[in-house]
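Asker: Given next are the chains, with one letter for each unit.
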Amino acid sequence: MISNFAKAGWRFKRPSVIPGFGLTLGFTLAYLALIVLIPLAGLVWRSASLGFTGFWNVAVDPRTVNALKISFGTSFVAALVNVFFGVIVAWVLVRYRFPGRRIVDAIVDLPFALPTAVAGIALTSLYARNGWIGHLLEPLGIKVAFTPIGITIALIFVGLPFVVRTVQPVMEEIRKEVEEAAATLGANRFQTITQVLLPGLQPAILTGFALAFARAVGEYGSVIFIAGNLPYVSEIAPLLIVIRLEEFDYAGATAIATIMLLISFFMLFVINLIQAWSRRRYGYGT
Amino acid sequence: MDVRVSGVRKEFDRFPALHDVSLDINSGELIALLGPSGSGKTTLLRLIAGLETPTDGKVFFGDEDASLKSVQERNVGFVFQHYALFRHMTVIDNVGFGLKVRPSNTRPSTDEIRRRSSELLDFVQLSGLEKRYPAQLSGGQRQRVALARAMAIEPRILLLDEPFGALDAKVRKELRRWLREIHDKTKHTTVFVTHDQDEALELADRVVVMSQGRIEQIGTPDEVYDKPNSPFVYSFIGESSTLGVRVENGELWLADRPIGLKSELPNGDASLYFRPHDVEIVDGSQACIAGTVVASRRVGATRRVELDLRGSADRVEIGITADHPATEMSGIAFRPKHWRVFPKN
Amino acid sequence: MALDQPRTKDPTAIARHATTERRTARYLLTGTALVFLGLFLLLPLVSVFVEAFRKGPAAYFAAFPEPDALAAIRLTLLVAAIAVPLNVIFGVVAAWAIAKFEFKGKAFLTTLIDLPFSVSPVISGLVYVLLFSSHSLLGPWFKSHGIEVLFAVPGIVLATVFVTFPFVARELIPLMQEQGTTDEEAALSLGANGWQTFWHVTLPNIKWGLLYGVLLCNARAMGEFGAVSVVSGHIRGLTNTMPLHVEILYNEYNFVAAFAVASLLALLALVTLVLKSLLELRYGTELRAAGGH
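Going down the list, the protein sequences come from chains W, Y and V.
Just so we're aligned: the first sequence equals residues 1 to 286 in our numbering.
Just so we're aligned: the second sequence equals residues 287 to 631 in our numbering.
Just so we're aligned: the third sequence equals residues 632 to 924 in our numbering.
This is chain W alone, in the form it adopts within the complex:
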């Protein structure tokens, strides 16, 4: 795997005595291109071949627009909920000591580990009319399963760890002295938290929000079971792609996917901006 292949050294690389640069970088680029870049480029190429009008027709199709609205709306709400509870969960895990804390900490990662389809059917059975939670909500007139609320709940499930795991390490690094300084200056605990600690966590919270949001927009497995998938009501964009594929409407699927991809890249860009801004101003990244 490692050889003296790159001994001569290329111009764009700082000289190093460590061998294997050419081989490892070459392999990395080749594998990256084969698995990720060429297939993604194929999507973009296919989308470009639709032409502007073809693309536009799909983009303004009411069903597409509604699916995108539902996807982004529910993802936004879910990410907001996750920011609120995620920050509390992170705070409790970092600051308080209680029996079973390690187990609770481990459970936060459950959505990373549990296959989405499993989460999907489990949530559906919980929130269906005869489910554990559904039958409690039924008399109150709240329908969760097969509505956008159900979608939101599934997206809360998949997004939570992104917020907690982004905020938690930054919280751990808060120096006790900063809080003591605020206290000696006369700030009460509430002021210390709202004016000193939370604003300091702002970049991490924003990043966590963006990550949870980005993940939620693309989520498929945990949503489709609970969503009910009614066109114009509870049909998410990823599902619409699958439906178009099953109709062999490759052009339609490609156009929706391209829109989503562009938005994902935009989110990625925004996340990087937040990090750069935070590093420049506060001297730390997240």
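Read the hints as simulated data drawn from the structure, not as lab findings.
Owing to the predicted nature of the structure, the values given are computational and were not obtained by experimental measurement.
Positions of the beta carbon are idealized from the N, C-alpha and C atoms, including for glycine.
Hints are not guaranteed to be accurate.
[Claimed, not checked] Just so you have them, the derived chain V footprint on chain W, three or more residues with Cβ under 8 Å:
{"no.": "1", "segment": "209–218"}
{"no.": "2", "segment": "241–249"}
{"no.": "3", "segment": "259–271"}
With chain W's structure known, arrange chains Y and V on it following the hints.
Answerer: Chains Y and V only, in chain W's frame:
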């Protein structure tokens, strides 16, 4: 504001950090708490601030018992070793923070806060940096902001925890002189913690020397340097040489000869402490300490020689003039000019 | 919330107010966090097992000897057995190139490696459909050579490799960057060749991080649904992985069987979490550089 610490004891998880410490701080004084790490100096400072609660004892601000007040209510200005600036706030917002969080009935207007903050920044010679963030400042500048922030609340007492500890040597020296000037102008009652004896001696009106959770000595820099009252203070402040001796009927003996020093200690083994540079060279015929030079090195304007003493396993160091003819293996005799002897325990 | 100015005269509590909340606030926050986690994370997990055993253990265990279920389990294991080693090799090689050398465009390359994480699983599947469908460039060529990619095992493997692509690399890159190059330089100066240096010096340093990455990569590989669903064609007994099989059973209202298969996947998730926590507990400081997920 006079501050009185009275019989304070502090334990952390049953580990004693301070034993029965009492200290009177006079209004307008600049006091150094000096000691090695683990001596309890920072704990004492934090107890005064209200960042720790004493296990026993009380802290008085003037006549008022401050022990029952929270840190927010004590109105102390605290400066931390690592600045503890709020990194998401600009310099001027950091300085104004203490005023901004006051309850609305005592809070100055936004303009007034801004005006007072810039005034303080001017005072600590940082005008022009108002809009910077702490990450964009040097260590010395950050510590100035921290001091301005602490002074903004018009504290009853300023407490500084190793304020120069995180700075490099040159900046530390500058800030030291600058802090003294600030203090002379404002006359804030100030307590600072340091492990650097030069800092304490140069800066403070009085020095409190601490060791292992106890106060060893309180006095002016001259007093603690010239008249150390314990072996610890002798060895911790300045240079000292130690020699095991014997007290016999009011006279100090080294092996089989008296060394010409008197003591009121009872008969028995004792330790003699003196400053290496504070000795007189005598000729060996009288009562003195005599030895053979085993090593010699040049220190600034003087020469330091290490002596192997007749009749003692200890080696001592003394200072002699640079032009003294003593070389290695030559004999030399001396008597300390100022010295103290403590019973051996 | 009761976080306002402390007025208590309990002397032992006075100093604590500088850095923590009052007891009521602490209990309130802890309670909120636990209830939220219980409701949104724990309850779904518990319900998988409850639903699976709803009709008793006999019905539960009857779900597994089904030929289709067995085929799904076999396919899932096969796919993971191919995808995980591929991404392990890639991850180690990429981390070596990125962490041990300084070159232009490194940050961009790292971003590209993370790209599959920001792509919807459905799109991850779609790109292969577009690449290998009968209307595409590659599809007919492969077909004429007798290789079925789409709606067959190769397509499932490709989609799985795509979605699990960054797991090992993103675990190792920060870890190896943290460790620097001095160990390798020392080994080289002592006469070791490149391969010996990697095998005897670098690998022992990264083994726990590598294991951590493998664990997460494997969990995702076995559990991937969206991407695989798009490329598989849902042919029972042939191109159904366990998650896809769960979907089919569920859509046929065969809930007990669906949850029974799902419970196996949930167990896999639990084992992953336990091993992950143990690794973090035991080798936390070594892994910390890696962070992330």
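Asker: Flag every earlier hint the structure violates by its number, smallest first.
Answerer: Result: no hint breaks.
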